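Enquirer: Using the UniProt record's numbering, read the sequence shown as starting at 1 and increasing by one per residue.
Any given hint could be a false lead.
What the hints assert, rightly or not - Simulated pairs of lysine-lysine, BS3-like, Cα-Cα distance not exceeding 30 Å: (1) Lys-279 <-> Lys-312; (2) Lys-279 <-> Lys-392; (3) Lys-392 <-> Lys-297.
None of these hints come from the bench; they were simulated from the model.
Since this is a predicted model, take the numbers as computed values, not measurements.
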Amino acid sequence: MAMSPQSQDEREVRIPFVGMEFKDEDEAFQYYLDYAKSKGFGERKAHVYRSSSSQVITCRYFVCDKEGAKSMSDKRQLGKTVQRHRDTRTNCQARMVVSKMKSGRWTRKTFDDVHNHVLLTTPSKIRSRRHISETCRNLRETLHKSRVGLSQMSQILNETLPNTGSALITRVDCSNHLRGVRSNNIGKECMAIVQIFKEKKLNDGFFFFDVELDEFGQTRCVFWVDGRSRMAYSEFRDVDVFGTTYKTNRFGFPFAPFVGANHHIQSILFGCALIADEKEESFLWVFQTWLRCMIGKHLKTIITYQDLAMGKAIAKVFPNSGHRLCSWNIGRNSMKYLVDLKSKEGFMRDYNNWLHRSESIKPFENRWGELHATYNFDDKHWFCKMYNIRHKWVSLYW
Numbered sequence: 001m002a003m004s005p006q007s008q009d010e011r012e013v014r015i016p017f018v019g020m021e022f023k024d025e026d027e028a029f030q031y032y033l034d035y036a037k038s039k040g041f042g043e044r045k046a047h048v049y050r051s052s053s054s055q056v057i058t059c060r061y062f063v064c065d066k067e068g069a070k071s072m073s074d075k076r077q078l079g080k081t082v083q084r085h086r087d088t089r090t091n092c093q094a095r096m097v098v099s100k101m102k103s104g105r106w107t108r109k110t111f112d113d114v115h116n117h118v119l120l121t122t123p124s125k126i127r128s129r130r131h132i133s134e135t136c137r138n139l140r141e142t143l144h145k146s147r148v149g150l151s152q153m154s155q156i157l158n159e160t161l162p163n164t165g166s167a168l169i170t171r172v173d174c175s176n177h178l179r180g181v182r183s184n185n186i187g188k189e190c191m192a193i194v195q196i197f198k199e200k201k202l203n204d205g206f207f208f209f210d211v212e213l214d215e216f217g218q219t220r221c222v223f224w225v226d227g228r229s230r231m232a233y234s235e236f237r238d239v240d241v242f243g244t245t246y247k248t249n250r251f252g253f254p255f256a257p258f259v260g261a262n263h264h265i266q267s268i269l270f271g272c273a274l275i276a277d278e279k280e281e282s283f284l285w286v287f288q289t290w291l292r293c294m295i296g297k298h299l300k301t302i303i304t305y306q307d308l309a310m311g312k313a314i315a316k317v318f319p320n321s322g323h324r325l326c327s328w329n330i331g332r333n334s335m336k337y338l339v340d341l342k343s344k345e346g347f348m349r350d351y352n353n354w355l356h357r358s359e360s361i362k363p364f365e366n367r368w369g370e371l372h373a374t375y376n377f378d379d380k381h382w383f384c385k386m387y388n389i390r391h392k393w394v395s396l397y398w
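Please take these sequences and the hints and turn them into a complete structure.
Expert: Okay, here's the thing in structure tokens:
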């Protein structure tokens with residue numbers, strides 16, 4: 001006589017036995033899911049076998065989520081850059097195989113319960129346990145719009161929605177979900193931005209904008225500048241200040257304005273950009289787009305904060321422009337990097353005399369030699385590295 005699966009409470013701890021039957025494939029998978037939950041491992045559906053004549057599934061594999069190994073064939077073969085995620089698979093062989101009988105029911109065919117990794121006792125650590133309800137997702141997005149932080153958000157969700165599944169909602173779960181929502185919304189926001197820019201162009205024939213998309217059609221960079229700013233740049237392109245010190249709260253895109261000065265020493269805007277990240281390729285796109293907008297008229301001098309990726313992009317796009325570093329920004333950072341020297345008696349006095357009271361290059365370099373000899377800091381110290389590029393941020397050298 002055929003034997004069927006027992007109640008959920010029994011099957012959570014009971015090993016699947018020979019002759020066990022299931023109503024259908026879904027019931028068999030639910031059984032394996034409950035068993036995996038009770039033992040502390042994740043599960044997933046694997047390959048199937050089909051009838052050669054009807055293509056109906058006749059055999060199904062349910063495996064541990066650490067089964068197999070990640071394929072090493074990827075976009076690198078096409079010369080593309082790929083973000084490699086941590087590999088969590090261990091080639092575990094634990095599995096349950098079920099086959100379809102002539103009666104239409106399913107039966108356990110083979111079962112292997114030997115794992116080659118540590119089993120977990122906390123459900124929230126198991127990836128396949130994290131099935132989040134629609135109610136939970138909606139509440140999570142509402143909390144995000146209300147500026148609730150990730151840690152507090154996960155706490156509220158776990159306390160408010162106790163029936164969210166067998167796993168606790170973690171800070172990482174919230175972050176991953178919101179990242180996906182943000183990616184979807186960015187596309188909608190981009191369409192709205194483009195529509196606004198098109199309307200502006202109808203009233204301003206010199207208005208310029210461009211948008212860069214990634215390989216998935218998501219917005220990476222947006223650049224725009226109105227006709228008035230383009231006209232101003234043709235007259236006042238002696239100096240431009242560029243930086244990404246502002247970030248939009250909603251999407252985390254750095255806002256990067258190009259700012260110059262007119263003959264009254266008043267700030268004027270030469271253009272604006274939103275960029276997805278602060279990598280060299282993003283800066284390259286922004287600078288190249290801006291140069292195209294300005295009909296190839298190069299800057300005479302560009303001032304930025306110290307950033308390796310930005311510096312490389314500037315050297316490629318503006319090879320003949322003077323690149324200077326913001327001395328105010330360096331001064332602010334110096335307090336962080338000079339902690340070991342600040343505590344020494346007399347250092348801050350000598351430091352300020354060197355930086356602010358040297359009237360020419362010669363006393364500036366003489367005072368540097370005295371600082372180095374008096375306080376005996378290593379040549380690899382941040383202080384020495386900044387001195388070696390002094391021509392980029394000390395106005396005496398300009």
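Enquirer: Checked against the structure, which of the hints given earlier come out wrong?
Expert: Of the numbered hints given earlier, the structure breaks none, since each of them holds.
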